Amino acid sequence: MIEIQNLEVQFPGDSGPITVIDDLSLSIGKGEILGLVGESGCGKSLLAKSIMRLVPAPGKITSGEILFNGDDLLTLDESEIQCIRGNQISIILQEPMTSLNPVFTVGNQITEVLAIHRPEMKKNERRQRALDVMKRVGIESPDLRFDQYPHELSGGIRQRVLISIALICGDVQLLVADEPTTALDVTIQAQILDLFVQLQAEHQMALLLITHDLSVIAQTAHRVAVMYAGRLVEIADVAPLFENPLHPYTRGLMRSLPQIETRPRKSHLPTIPGTVPNLADLPAGCPFFDRCEYGREEACTSTVPRLEEVSDGHWVRCHLWREIPRFASATPTARSL
Amino acid sequence: MSTDPAHILPESFWSSLSGARRFRLNGMVVAGSLILIPLVLMAVFASFLTFLDPLSIDASQKLLAPSWAHPFGTDHFGRDVLARTMYGAQISLRVGFGSMLLTALFGILFGVISGWYNLADVIIGRFTDSLMIFPGFVLAIMIMAAIGPSELNVIISVTVLYIPRVIRTVRASVVEFRDAEFVEAARTVGVGDFRLLFLHILPKAAGPVMVQLSFGFAWAVLVEAGLSFLGLGTPPPAPSWGSMISDARDFIRSAWWLITIPGCMITLAVLSLNLIGDGLRDMLDPRLQSRGEL
Amino acid sequence: MLEYTLRRVLSFIPTILITLTSIFFITRLIPGSPIAALVGHQAVGAEQIDEITRDLGLDQPLLSQYLDWLPKVLTGDFGTSLFYSEPVVDVVAERFPVTLYLTIFSMIFTIVIGIPLGIYAAIRRGRFADYASNVVSSLGMAMPSFWLGFLLIILFAVTLGWLPASGYRSPDFGIWEWLRRLILPVAAQSLAQIGLVVRMTRASMIEVLGQEYITMARAKGLPESRVVLKHALKNAMTQITTVIGLTFALGLGGSVIIENVFALPGLGQLITIAAVRRDYPMLEGGIFYLTLVALVVNLMVDLGYAYFNPRIRHTR
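Chains as they are written, first to last, in our numbering: chain A, 1 to 337; chain B, 1 to 294; chain C, 1 to 316.
It is worth saying that the hints were derived from the structure and are not from the lab. On a predicted model such as this, the values are computed, not experimentally measured, just so you know. Heads up, some of the hints might be wrong.
[Said to hold, decoys possible] If you want the ones that stay clear, here's a sample from chain C, every Cβ over 12 Å from chain A, calculated: (1) 4; (2) 5; (3) 16; (4) 74; (5) 96; (6) 111; (7) 154; (8) 177; (9) 209; (10) 212; (11) 238; (12) 276; (13) 293.
[Unchecked claim] Pairwise CB distance ranges (calculated): (14) C:125 with B:37: 29 to 35 Å; (15) C:3 with A:198: 23 to 29 Å; (16) C:77 with B:237: 51 to 57 Å.
Even glycine gets a Cβ: it sits at the ideal position worked out from N, Cα and C.
Kindly produce the complete structure, drawing on both the sequences and the hints.
Have a look at this one:
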């Protein structure tokens, strides 16, 4: 249903453009939940915005295609893409505290979407629809909330307001949710995720769920894509990925997950050493080499690895994936969570 | 968890990429200095650059159009406009420099006292508040009316006008750092209050104060010109740019050079100082670009 | 909102007191009594000096002078002008409308041009229009308004002969007769202010346009015009209203000079004359009323700020 092909996003830098998303291809089918994981700054939020052509200036989508039901979103007119935004594709931005406009009431911000996309609706119909959706996403006493300003609401409610905005039009085909639950406490987090799964099942809506939290992915997603330094490094269905992560970075992410069941609490969680590389100054070879426990100078530092299909639907971007020992650590699998 | 839960928005992510550029010498500072330096040189070396006396009256030479002998022409008393312009730069720069020096000295002093001692804060706060009630130029007129027109008095009144801003800035950074951990730590190892202030706290306020002083300098030049234009600033026959414009008002039909030249000089001086102020501010905090707080 | 308004209006009373007190002490506490200055400047007989001294109560200690003066001025009685020999209030009342027209017209002009230009520069950030507006506004901020006034006179009055160079007619002489004498002063005053408004509008718009809720507004499918004019502008308005207040205060200060350039018989000209002649009752009265206008505008700005910013409306 949506197919991203060879997407490249660049920002101008002091010495030439900096490629922030590099040769990224990804597709999401109808009714599918794709989880996208990666550290902060790896470009996942930017990818979310790119899909809706909302790359913040001075960034630019420099090449690639984003096919949505066959149309390339990148070549549409401004007015055509506006018809799609908020209507067929919705996004939930990652910061509920700053994504709502402080000077308008919640009701105004929700019904505004209908005013644009459903101009035939009357004012009280819009209000009614908004109240219904607010109730649906778990906002209590919606008619009270409707006339409140964002600063009067808690983070959880704001997040739900954002979800209401995303869903108000009623026929969203793709929902892009950027860290939709990070700002919330665990119980609400679970409720919201449940809601997504429900909605996705009801409407056959596709969901791109962006998070840095693998346990969220394990709970909800069908397929997982792992992003590092602006590139996809591994894609697979949830079960194979959790059972046999191939990319050393994916493994690092999994090891750094807190273990719930078996072992007593260790003094500290293992982490991936090092930090996200500077995109303005990427090394010639594999960008993960500096932090990789398996990397070998002669194999990894000359060329950027290509994304290779390892088994059906399982892709990995690593020169050495064949040599790396099978992942042994007791990781939380989809089941164990 | 190795994955940092604090999210970096693309915006700030972007600025972290370009963070290095803030330490470069800002283009606006360079441009401003390129205008300002000749003005300063002209003022400092006025007596070497022209042998003509800006005050000597010669009725036979009055209202001459620009020529080789008088590149900027002469005024209604036959005084050489170029010489007057150059000596006028002295007045403007003296007023600007003098008032900003006083503003810096007393602004920092009162700001520190105000930030450090609560009782003084109340009194100084009242004082600055009551000064800031008045539209700036009106306050200047009131003070000049009370103390009489003279160059020194212009310096004093510009200082009184501008000092509340500096006091507030210094006070804010003193208050911010007064209770900071490193200050507590320094105290426990026996670093005295004065040492703390001068070595640790004031340097942090230096940047914003510098920015304010360069805008204040520009403002002082404008206020001096305005007051002199009204006859309340530097008294005649001193060649203040403002009084040159005032003198020229009767000749706008016949002698265009009399009014255009001093006006251009004021504009250049103010422009250069504003550019420097803008540039300094951008260098301190690129995110606050051109916020134009006056 | 009502509570906030009430509280803000009530806080006006102490401000008035502080203003009056400052005026009193600045004009009288400074060494050299007004009389000494008067004597220095004008040929005044000894009798007259005594009379004025008594009139102004200068033979009393400063504090009792103040206690005497304050209740009087609170009822609007600033005494009699030394120069006009008329009650200060009457002279002020006569001059007041001119300053008000000048300031209000130039504020309207400044806002109508400055805010859209600032918005435009923000949208076209980093492009030609942005640079051009930056250059023009920097120049505008650097040019002394009185000099700009003369340039306008040279162009429109002397060279082209379209408008009168100076003077004033009240609206009783007909709207056009009145307006055409205000055009150049208003233009001179506004051109000096527009730069500031453009820059501050631009800066606050740029700041707002970088906010996440703007991306969100776009993500809803709103057309860009609505994103900018509804979502961004209303947020930027909180800052822009402050700028407008600031502009007005600056404008009142600037009007003093502009009135002198164009020979407009307003409060500013009155203050200047009073300052030059050391007509203290006149000076105090003139400055008080001019400042009062600034304070009232400031109050309106604060209320406007609260109107645009629900957080203030609710919490404070």
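So, going through the hints one by one against the coordinates:
1. 4: The claim holds: residue 4 of chain C sits with its nearest Cβ about 15 Å from chain A, beyond 12 Å.
2. 5: The claim stands: residue 5 of chain C keeps its Cβ more than 12 Å from every Cβ of chain A (closest is about 18 Å).
3. 16: Holds, because the least Cβ-Cβ distance between residue 16 of chain C and chain A comes to about 32 Å, which exceeds 12 Å.
4. 74: Holds: least Cβ distance 39 Å, greater than 12 Å.
5. 96: Label holds. Min Cβ-Cβ 36 Å, cutoff 12 Å.
6. 111: 20 Å, holds
7. 154: 43 Å, holds
8. 177: 44 Å, holds
9. 209: Contrary to the label, residue 209 of chain C does not stay out of reach of chain A, its closest Cβ about 9 Å off (not over 12 Å).
10. 212: 4 Å, violated
11. 238: 8 Å, violated
12. 276: Label holds. Min Cβ-Cβ 48 Å, cutoff 12 Å.
13. 293: At roughly 29 Å from the nearest Cβ of chain A, residue 293 of chain C sits farther out than 12 Å, so the non-interface label holds.
14. C:125 with B:37: 29 to 35 Å: 30 Å, holds
15. C:3 with A:198: 23 to 29 Å: 44 Å, violated
16. C:77 with B:237: 51 to 57 Å: Violated, at about 41 Å.
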